[in-house]
Every structure is written in structure tokens, then in C-alpha cells.
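*Asks:* Below are the chains, spelled out letter by letter.
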Amino acid sequence: MPTALSIPRVSVNLEVNGTSRSAEIEPRVVLLDFLRETLGLTGTKKGCDHGQCGACTVLVNGRRIKSCLSLAVMHDGDKLTTIEGLERDGQLHPMQAAFLDHDGFQCGYCTSGQIMSAVALVDEPIGVGDTAVREAMSGNLCRCGAYQNICHAIQAVRRRA
Amino acid sequence: MSADTKVIGQPLNRHEGRAKVTGRALYAADHPASSVVHAAGVMSAVAAGEIVRLDATAAEQAPGVLAVLHHGSVPELHRIDEDMDEGRKAAEERPPFEDNRIYYFGQFVAVVIAESLEQARWAAQLVEVEYRVEPHVLTLDEGIETHGAKPQEDEESLRGDPDAALERAAVRIDTTYTTPVEAHCAMELHSTLAEWDGERLLLHDSTQWVFGQPRTLAAMLGLPEDKVIVKAPFIGGGFGSKLFLWPHTVLAAVATRMLRRPVKFVLPRQYHFTTAGHRPFTRQRIRIGATPDGRLTALRHDSQSHTSLVTDYVESCGESTPALYSCPNVAVTHELVPVNVGTPTPMRGPGNCPGLFALESALDELAVTLKLDPIELRRLNLPARDEEKDTPWSSNHFETCLLRAAERFGWSRRRQEVGAMREGREILGWGFAAATWPAWRDQADVTVELRSDGTARVECATQDIGTGTYSVIAAVVAELTSLPPEKIEVAIGDSTFPRGPISGGSMATATLVPAVAGATRNALHHLFGDGKTGVAHSAGWAEAWRKVGRTSVVGECHAEPGDEEDAFAFRSFGAHCVEVRWDPEITKLRVSRVVTVIDAGRIINAKTARNQVEGALVMGLGMSLLEETVYDPPSGRVVNDNLADYRVMVHAGMPELDVTLLDIADPQIGDFGAKGIGEIGLTGIAAAVANAVYHATGKRIRDLPITIEKLLA
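In order, the protein sequence lines correspond to chains A and B. Residue numbering for the first sequence follows the numbering used here, starting at 16 and increasing by one per position. Residue numbering for the second sequence follows the numbering used here, starting at 805 and increasing by one per position.
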């Protein structure tokens, strides 16, 4: 049987959306919960907590990861970008604008993760066609089923890039 | 888009879209609350029996733990007097912790509340539970043997003498279809953030029914109904799972009252498969009698579905069977079988989704038997009126749907023989099925405030689960006032607003449009006076404001269906053509093309409406090929209780979707003539896929999902 235990806190320092943030946290705190509960950045969503749905996708040093699959303390010194960090001077990031114009969502819950994944994907060498986009976006589930519009949105941004 | 409207029918961007693409939309678990504490559940590890010992000592002593809730440790909860009209319906009639019995695996046996999520989750593992295990039943046959099958008289329909007509029929079909347990899997985890200020309970809750949720919860807690307020400005999908009150919401409310601290309860994904609903298993026997030239003479649809041991939930498989086609002799029956699984609940397109898989597969089998084109078979049996209700249709463009779908798909090039259409290594299969859903309408109260600064605000206690309700409301006000949609504030998702409809049964739009239109016209009337009409920014706009001498006017409207409900039958129709590609050498099956045509009355927003139907098709392809909740026979546990093992459609599996919305106003349903559109796209699609699979492979799969294993068998 497990027994009750008290866990000493450790400090973590990282840069989130261009701002340095530090906190004293238990080492067992998951990055997703750290973003949402400690930093109050609730744009990043929890859909499964198992790395299966992609709703928690954020960028770490420019690459997309599922924030529910790593501990916050593993990212000491890292640069994170979340959905809250995409706008510039009140202007939507082109990927956000494309999702809006192409209606690449319905309920909006997977949308932060879809957009973060799509932002990273633009810089990945995946090939030009729709099939490549569909494959590369398959780590992000959308139960509303807006995939066709998501693909159109991403391709519109890639064509302009 | 109809020519007589300026905004309605336009493909406008989603009204609340900016909040969603920026992450600023606040879902239930996102609301900031100071000194919030967290809940974690302890779930039953057996499927039937009794808790003989529950020791929470170690959990209570764990760091950060504030309370452990279980049977005997919580104040009394009450069974509610269910009344949908009054806003009371719980998904499970049994309040959590009512007794120490276990009815299904994954039932709440305790809840730990702690300062942090990590502490709560850890301490939940410290709760010791000992069970006296009893035998459990999981399948329909086991359930029938132990508990019997309960006939459901409310589901029955009978006209003519179907058994005699079947006996006489020149051609007969008698086949049985099964559909598995399916899970809603809304992306947002069911979440409740409950706050108690000493006399009033405030819940940020993921609910499809802000009108009913507080009333139901108040009744269960024994509070006056005005002491519970529910807010849900954003809901991350529901598909039925968030229609009615589930135990975790009750437990969050109980905990906040006990502790006087805000309590956040985010239900982990695995518990969604046990204690937040599912589509039940169904078994359906279809018998059809027909003439040699394809006219239906008899139709029997006898179905069974499971329910839990705590609440009866009926999956109305035969809902549309008496109405969809013309037939003089029809019988529909349904039986309910209790088993030891969590309580089922409506899942998008309840009843008709499994129902049309059976009915539309059976019609395809009849077409094959008769060597008749499947679309032609439907055309031969179109109903001129609703033969069950015995009234004319309010509108019915079923035949147009059939013909338009055939035309867009290129159906005339179809060769009838199985496996006759090849492209390289692949065999093409082309399948057809109809879609249908009742066009329901409920009551709504709406308030519209027009302001002299050129803005407006609409209030209604309805909600948007992703279905486009924000956009629909804004479009109606914009249409009637000429205000730009972005100047219209749509205030929904708050139980303190005037009564609005549930987001279920595809009735929110048809219910809201007449009420919003009425309230807007009333507001305009207050501004422009008797006998005059006018719109924002017209010549008389500024002068009208000067005359009324105020900076805002308010219009209210209560709208509900009238006598037309009895005089007409209201129903939406549709048609699916599906292409599958079957590569027998490597046993690979994929859906490559779907053409769907839907008659859902007037379309209010072409962009969000199309997305609804496309999304329904995506879910329907999952239903066809992938989705199935599997229970472990010895334990009753859900084997695939996560989003990797319960397989839903991912982006890579997407075929080309071609959706057409006829966009013809229904003349009877109310202002602008919109019927609902949320569910119809999911009905029939699994049959269209199964029929296409038969056309490609010659294998008739009568048991969903259509897996490779079944094609190889």
C-alpha cells in the first residue's frame, strides 16, 4: 500500500510567452497543470491527461509537445509558447485568423492545441499536400469533426508563407 | 441563401470565434477562483456487490486533504421528481452515495478533496475499499436471463396487420443488426467548479442545459431552486453526455457546501466511460415485406437496448421507422434490459442513429434481393404524408435530397453487381442510405436590448456547445435591425437569464429563432412606435432615439409552438452516398468520398451549419468503422477507457466530404423556417458505409463497427 508522504518543493524558472516565470512547486506537478493552475494560463486544455488527444499542445523552444506528458520541473530554462502568446499587439497570428475564417472548430476546446500544433507544423518538413497535413495533424483530435476546415485553414497559411 | 434576407444564410464567421482561437473562452474548469480546492474520485473496482468496509483514515491524514466524501459521510441527497418541463432531470436517478451498493464498475465510492490536484489524486489512492462481490451481467442475453426484458409501451407503434402482411409478402427480408456501446468523447472533460457563499451555490459547469441543471441540482440537494445558479458560457462539446446531471457535479456541490471553499472537479477521461453516459448496445430485428416491383407492404422493427440498474434509459431505435417510408402495415417495439454498466444517456442522434443503421441496411438488402437500385427503392416508397401521425408534412424535400445526392455523387455510373467497379488494385463500393431526424421545437423566452450607440444585447438561458447558437442568435438580430453582427452581444450560458432551450434533440435553433425574432421586433416597436417599422442606422434611427428620449429599449418575447404541432408532421430529411475503396490484397478498407444532402429548412449561418453536418459525418465514419466500448467480462471494467484505445476518427482518416444544404424554409415551424441540423448528419451514415462495403466486398456486416476482422471472417 502507498503511504502518505510530504513532498519537498523545488524551484522552476522558465520563459512563458516572452515573460520569465518562476515558482516553487512539487516535482510531481505536470506541465499542463502548472500552466493552468499555477500560472492561470487556461487557454491550454486538458482532454485526456494521457497524451492521446493533443488539446494541451504547446511549443517548447519552438517545437510542439503535449504538455500533459511532461513534468514542469523538466522545463527549467525552457522557452514556452502557449495560445495566449500568439497574438501580437492585438493582431491575431495568421494561423488564428485562418482558423476563424475557415471555421476550423466548433466547440473550441481542442482549438488551442490544434492551432499550436499547426503553428509548429508550418516549419516542419512534411510535404505540401493535404494528405501530409492530415497525417501531421493526427495527434490532435477534434470530436466535433472540423478536420476538413482545419486542413483548409492550415493550407491557406502555408500557401501564404 | 435565400434572396429575401441580408444576414440570415450568410457564411459569417462564428460569432464567438475570436474568444476560441485566442484561448480566452473560459470553459467550466478555466474560471479563476481564489483558494480553489480540488477533487479526485475513488471508483468501484467491481461491477456488482456491496461495500463492506471503507477506510479513509490514511487518506484523511495525507498532506493537503480537507475531506473524504463517501456513503454515510455526506448530508442526505434526494431523488428528484423528474419533470423536463419544470427543468428537472438527472442522468442517474440514484444520488451518489445513496447506499453502499455497487451497480457498475467505475461507480463513485468516495471523493477526496485536497488543496492541490496532486494531493487529491494521491490521497484517493489511499482510500481502502473492501467489497462483497456479487455476480454481474454485462450482455443483453445475460441481462435477459437475470432480469428479463422490459417492454416499452411508449416506444410502440402499430398500424395495419404487419404479421399477416409479412406472411403474404412476395419478397421478405428478416435480418438482425447490432450496434455496440459508443462513447461521446467530447473533448472537454466533464467539469464543475462549485462555489458556495453561505446561501447560494454558483456552478461553472459543463452542461448542455443551463435552465435545467440548477433546478435538478437544487432538488437533489434539497435547496430552493433560486439558490442554485449555473454558468456555462462555453462548453467543449457534449453530444448528449452533458444534457443531464451526473454524480461528479452533485459531489462538487456537496463538497463546497461542507468546506466553504470553491471546489474544482474535473472528471478524468477514464471515468467518462463509466459514470458520464454512453450510447447503449442495441439489437434490432427488421422484417420487411415487399412486392416484386419494390413497394413496401409490411415493416417490423423490434429492438432491444441495455440500461443500467439505477436508471432506465431507452434508446428509441424505431423512432422514424413508422414515418420515413410509406407502408400500410407497420409495427415498432422496444425492450429494455438492465445490466451492470454505467447509465446510458442520449448520444448525438439517439435512437435514429442505431435505428437507421438497421433500417437502411435492411432496405439495401431488399434492393439487392429485388435487383433494384437502392435509391430507386426509396423513391418508390416516399411518404406523401406522415402515415403514423396521419397528418401532412410541414415540408418534405426527401426526394430532392435523394436526387441531388445521386447527381453530385455520379450515382448513375454505379454498376449494380458486387465488386464490379475497380480502380487499379482497389475495388470501389458505392452505398446509399437515407438520413432523418424529427424537427422539434420547444419554448423560449428572450430579451433583446437595443441601444442608441448602435449596439444590442440578447439574453437567454440557453448555451452553445459548439453548434453555432451564438452565431444563430446574432444573425437573427442583425437581420431585423441591420446592426452589424459584431455589435450584438449574445449573452447565453447563464441560468439567471430568461428560460431558453436545452442543446439537445436538434431543437435549439428552431426554438430560438422565433423567440429572438419576436423580442427584436418588440424592441424595434418600442423604438419606432406603433405601426412603424425601421432598422438601425436607417434615416429614422437617430430621430427615433431622440423621440423615445432614452438610450436603450428592451423587447421581450415568449415563443412556443402552437396548433401547427398537431396539424403537421415536422421532420428533416437527408441522403448519403458513400464510396469505399477495398484493397483485398492487403485487406485495406477506407472511405474515400461522402456526398450528403440535407433538408433542414432555412439555414441561418451557412458556415456553421455546414460544419455541423461535416462534423456529424466524421463522427458517423467513426461509428461505422472504429468506435466500440469493450467491457472485460470477468470484471465488468471498460477495457478501452481512453482516447487511444477507444478509437475516434483522426485527421488522417478523413475522406473528401461534399455537403449540400437545400436551404428551403419550412413554412410552418416559425419565423424564417429553420429546422435543427445538429444530429441528422449522423443518422444513416453507418448504413451508407455498410452498404458500400457490401457493394465492394459482398460481405454484409450487420454488427458495427465494420472492422477488418469482420471482413476477413
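Misleading hints may appear alongside valid ones.
[As the list claims (entries may be wrong)] For each label pair, taking beta carbons as the anchor points, the in silico distance ranges come out as:
1) Ala147/A <-> Asp1367/B: 53 to 59 Å
2) Thr146/A <-> Arg883/B: 52 to 58 Å
3) Arg78/A <-> Ala1410/B: 47 to 53 Å
4) Pro42/A <-> Ala1410/B: 48 to 54 Å
5) Pro867/B <-> Arg78/A: 55 to 61 Å
6) Met89/A <-> Asp1507/B: 52 to 58 Å
7) Val1352/B <-> Ala147/A: 56 to 62 Å
8) Gln106/A <-> Thr943/B: 55 to 61 Å
Hint data in this document are derived by calculation from the structure and do not stem from the laboratory. Backbone N, C-alpha and C define an ideal beta-carbon position, used for all residues, glycine too.
*Asks:* It remains to establish, for every hint, whether it holds in the given structure.
*Replies:* So, going through the hints one by one against the coordinates:
One distance hint, 53 to 59 Å for the beta-carbon pair Ala147/A and Asp1367/B, holds here, with the actual separation near 57 Å. Remark: the range hint 52 to 58 Å for Thr146/A to Arg883/B is upheld by a beta-carbon distance near 54 Å. A hinted range of 47 to 53 Å is violated for the C-beta pair Arg78/A and Ala1410/B, which are about 38 Å apart. One distance hint, 48 to 54 Å for the beta-carbon pair Pro42/A and Ala1410/B, holds here, with the actual separation near 51 Å.
For the pair Pro867/B and Arg78/A, the supplied restraint of 55 to 61 Å is violated, since their beta-carbon distance comes to about 35 Å. Between Met89/A and Asp1507/B the Cβ separation comes to about 45 Å, which falls outside the hinted range of 52 to 58 Å. Checked against the hint of 56 to 62 Å, the pair Val1352/B and Ala147/A passes, with Cβ atoms roughly 59 Å apart. Checked against the given bound of 55 to 61 Å, the beta carbons of Gln106/A and Thr943/B, roughly 57 Å apart, stay inside it.
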